[in-house]
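Engineer: Chain by chain, the residues:
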Amino acid sequence: GENVEQHPSTLSVQEGDSAVIKCTYSDSASNYFPWYKQELGKGPQLIIDIRSNVGEKKDQRIAVTLNKTAKHFSLHITETQPEDSAVYFCAAKRTSYGKLTFGQGTILTVHP
Amino acid sequence: DVKVTQSSRYLVKRTGEKVFLECVQDMDHENMFWYRQDPGLGLRLIYFSYDVKMKEKGDIPEGYSVSREKKERFSLILESASTNQTSMYLCASSFSGQGVYTEAFFGQGTRLTVV
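Respectively, the protein sequence lines represent chains A and B.
Residue numbering for the first sequence follows our numbering, starting at 1 and increasing by one per position.
Residue numbering for the second sequence follows our numbering, starting at 1001 and increasing by one per position.
Bound-form chain A, shown alone (with noise of 0.2 Å):
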């Protein structure tokens, strides 16, 4: 099955910084790959996501690069705020196949 692995586990940064969040996953048939955030006492929610036909995507302040030959992709947050400071989750499936498999999510601090 597919395995996910999502680094690093903690990230700190001070407010106006750049936060960057790899993942890798195993399975070659993988093909949308979602972020998602989590903020306290709440369940996890997408924030942007990304199709193997895709290189890149970028929203606002996030954008997200997928490099298929290497299966990897990362999460980028620039201008990084106060309330950017969540736990963050990227993802992986085959579409045509429900069951996304998670990394092991990582903790973003942002100072002010």
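Hints are computed from structural coordinates only; laboratory data are not their basis.
Once the Cα atoms are required to be at most 27 Å apart in a straight line, the calculated DSS-like pairs of lysine-lysine come out as:
(1) A:K99 / B:K1070
(2) A:K57 / A:K68
(3) A:K42 / B:K1071
(4) A:K22 / A:K71
(5) A:K68 / A:K22
(6) B:K1057 / A:K71
(7) A:K42 / B:K1013
(8) B:K1053 / A:K99
(9) A:K42 / B:K1018
(10) B:K1057 / A:K99
(11) B:K1057 / A:K37
Put chain B on the given structure of chain A with help from the hints.
Structural biologist: For chain B alone, kept in the frame of chain A given last:
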């Protein structure tokens, strides 16, 4: 506004008890999932269901069972609760369909403590 609702935010149960965690979604989704969240381990899939009365084992099904009698409701059952099942439990749902990149919507979680 889409919604996945878990019946309890916090539960405390005794070892050996039978525990029911309930999840309801109002989006007419075919797929429903139960995940367990533990620090450093991420979200691990316990069971999922792609249709009424259908279920498939996830990565860590031991000690758990599920029930899906209606499309909107998916129940997780701990047959005999043990202390190593103390965890945060998350329910999720999504649309199904070939070639559809479907977002999973999560409930707020149930923090279960087994004493």
